[in-house]
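There are 4 protein chains.
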Amino acid sequence: MNTTPLHDYERTVHFADTDAAGVVYFANLLRFCHEAYEDALAQLGVDLRQFFSSSGLIVPITEAQVRFLKPLYCGDRLRVRIDPQRLDNSCFQLTYTLYDATGNRVAIARTQHICLQLPQRRRGTIPDPLREWLKSAPATASDRQP
Amino acid sequence: MNTTPLHDYERTVHFADTDAAGVVYFANLLRFCHEAYEDALAQLGVDLRQFFSSSGLIVPITEAQVRFLKPLYCGDRLRVRIDPQRLDNSCFQLTYTLYDATGNRVAIARTQHICLQLPQRRRGTIPDPLREWLKSAPATASDRQP
Amino acid sequence: MNTTPLHDYERTVHFADTDAAGVVYFANLLRFCHEAYEDALAQLGVDLRQFFSSSGLIVPITEAQVRFLKPLYCGDRLRVRIDPQRLDNSCFQLTYTLYDATGNRVAIARTQHICLQLPQRRRGTIPDPLREWLKSAPATASDRQP
Amino acid sequence: MNTTPLHDYERTVHFADTDAAGVVYFANLLRFCHEAYEDALAQLGVDLRQFFSSSGLIVPITEAQVRFLKPLYCGDRLRVRIDPQRLDNSCFQLTYTLYDATGNRVAIARTQHICLQLPQRRRGTIPDPLREWLKSAPATASDRQP
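Residue numbers (the numbering used here), protein chains in the order written: chain S, 1 to 146; chain R, 1001 to 1146; chain A, 2001 to 2146; chain P, 3001 to 3146.
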């Protein structure tokens, strides 16, 4: 595994992300977080097409939370930082901090994931590049709890 | 196959369908059409989970068109009528007319579909309940062309 | 206000709701919850187009949480029950329980909302039909916490 | 206006873009095209939040078409080139060619737009940076028609 830390994910708010209240539709914030997770996996060398398919080991999300701090508008530039945490052999948690272009926090989110082996959906172990990434995380993270 | 004609698909416009211009995001009209197609398949007795999976026979869309006649707002009630048409042994076309609560047309759309056999993606024949449905359509349809 | 209790929201899982893992994309569960909220507001006589616009009183979501209990597939039939709770003069919380066709819980979710008066985004009071709905809720609810 | 030609829009296919058939959901291709349009406007110096709001001059899409040439998978890298064309004082058309990482065309699409002045929705004239962009386009474009 690459030992340089992963870079943050950056993305512009699209028109399709917004709703009739003129801001980003609330559930789409979690899409931005998942995009950041995909980007991190790609940086770790994971084949996204294979990883996010319906065969072999699957890694569904068991829980998600998001706290909204500021409204986001079409054209806004976002940066998402992920703080990963291993929970046990099969489970891990990702904490996301979303920043706007001026560096202010606009949202905090968290997802919990479990590794399951298909077809029986039995608990599997966290696969290699992910496990290394989780190891690389500090034992404590100040703003891990949204 | 059931010989009674299929009933139209009805649906309310959700907040998530809208964008910051206050109306339904343009590409979502095609989602409404696809929902109507799924609803028609369900009425024909098709198992949607199996039909829309990544194994066996797949039926991808090769072309889609939509013409927007009136803006749609959150809470609006829609009705979608489908006019199906067989093109050849593997291909068919669906024409959608979307009406608002007062019966005015708000959009017209069309999708073209091809039946492919996985894993080689070779042309397959239109499966049974669909074929019957296509047969049931009149030979000509006045507003088939959007 | 109508004193008959609101009926649950029902909805079929659409193809567009799914992802390449073959099940509903996680963040879309929160869309289903919001649709149920819109349906409840419509039952209360609220004009959705006006309520979900960018003028006057807005009611943004400040926090959302969801716990996934079972995977959902294209064509699955869902029922969403909302348990509303007033938090203070400006804030309320909605707890959603999602059931499949056999009555099993498939997900639990919660959203928190704040009433803000535009253009200054100052705290406003919960508007009438919503306030009545929140009053109608039992003081305690067994599975209010997801 | 900047006289250097606009650069193409690049984007990775996200998991949320896919459906249970394992590929990008058909209507999402039009989202990618609209993102490319937003990106072009941003390059022209347009304030996206203002442009895509519900006040002043609005520029709704009146028609959209898309032809699918190859399936797209999660993680695929896309490039979208826009070929703009002025139709009259109020209307213009954008033709999109989508390429994969190896330079193969994966889809072709087209949208037609009309400038309307709110609140009466009367025809308005194409605003300045857009007009310049449309002028910069060649009189003929070989693959303008999808």
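These are computed hints drawn from the structure, not numbers from a lab.
Honestly, I wouldn't trust all of these hints.
Said to hold, decoys possible - Okay, derived cross-link-like pairs now, EDC-like style, lysine to aspartate or glutamate, Cα gap no bigger than 20 Å in a straight line: (1) Lys1070(R) / Glu3063(P); (2) Lys3070(P) / Asp1128(R); (3) Lys1135(R) / Asp1088(R).
Said to hold, decoys possible - Here are some chain S residues pointing at chain R (derived, C-beta under 7 Å): (4) Ala16; (5) Thr18; (6) Asp19; (7) Tyr25; (8) Cys91; (9) Tyr99; (10) Ala101; (11) Gly103.
Said to hold, decoys possible - Calculated from the model, a selection of chain P residues having no Cβ within reach of chain S, i.e. all distances over 12 Å: (12) Val3023; (13) Arg3031; (14) Ala3042; (15) Ser3054; (16) Gln3065; (17) Arg3067; (18) Leu3069; (19) Ile3114.
Since we're looking at a predicted model, the values are computed, not measured.
Backbone N, C-alpha and C fix where the C-beta goes; we use that ideal spot for every residue, glycine too.
Here's how the hints hold up against the structure:
Distance restraint check for Lys1070(R) and Glu3063(P): the Cα-Cα separation of roughly 12 Å lies within the 20 Å cut-off, and the hinted pair is therefore satisfied. With a C-alpha separation of about 26 Å, the suggested pairing of Lys3070(P) with Asp1128(R) is violated against the 20 Å cut-off. Simply put, Lys1135(R) and Asp1088(R) have alpha-carbon atoms about 12 Å apart, close enough for the 20 Å limit, and the pair holds. Below 7 Å, beta-carbon pairs count as interface contacts, and Ala16(S) has one with chain R at about 6 Å; its hint therefore holds.
Look at Thr18(S): its Cβ gets to within about 4 Å of chain R, closer than 7 Å, so that hint holds up. For Asp19(S), the interface hint holds, since its Cβ comes within 7 Å of a Cβ in chain R; the closest pair sits about 5 Å apart. Checking Tyr25(S) against chain R by beta carbon gives a least distance of about 6 Å; that is within 7 Å, so the hint holds. For the restraint placing Cys91(S) at the interface with chain R, the shortest Cβ-Cβ distance is roughly 27 Å, beyond the 7 Å limit, so the hint is violated.
Below 7 Å, beta-carbon pairs count as interface contacts, and Tyr99(S) has none with chain R, the closest being about 21 Å; its hint is therefore violated. The interface hint given for Ala101(S) is violated, since its Cβ lies 18 Å from the closest Cβ of chain R, which is over the 7 Å cut-off. Nearest Cβ of chain R to the Cβ of Gly103(S): about 24 Å, over the 7 Å cut. The hint is violated. For Val3023(P), the requirement that its beta carbon stay farther than 12 Å from each beta carbon of chain S is not met, with the minimum near 10 Å.
The claim that Arg3031(P) is not at the interface with chain S is violated, since a C-beta of that chain comes within 12 Å of its own (minimum 5 Å). Once the 12 Å rule is applied to beta carbons, Ala3042(P) is inconsistent with being away from chain S; the minimum gap is 7 Å. Distance check on Ser3054(P): its Cβ comes as close as 7 Å (rounded) to a Cβ of chain S, failing to clear the 12 Å threshold; non-interface status is violated. Listed as a non-interface residue, Gln3065(P) keeps its Cβ farther than 12 Å from every Cβ of chain S; the least gap is roughly 18 Å.
Consistency note on Arg3067(P): stated as away from chain S, and its beta-carbon is indeed over 12 Å from all of that chain's, at 20 Å minimum. For Leu3069(P), the shortest C-beta to C-beta distance to chain S comes to about 18 Å, beyond the 12 Å cut-off, and the non-interface label holds. At the 12 Å boundary, the C-beta of Ile3114(P) stays outside the reach of chain S, the nearest C-beta of that chain being 17 Å off.
Checked against the numbered hints above, the structure breaks hints 2, 8, 9, 10, 11, 12, 13, 14, 15 and satisfies the rest.
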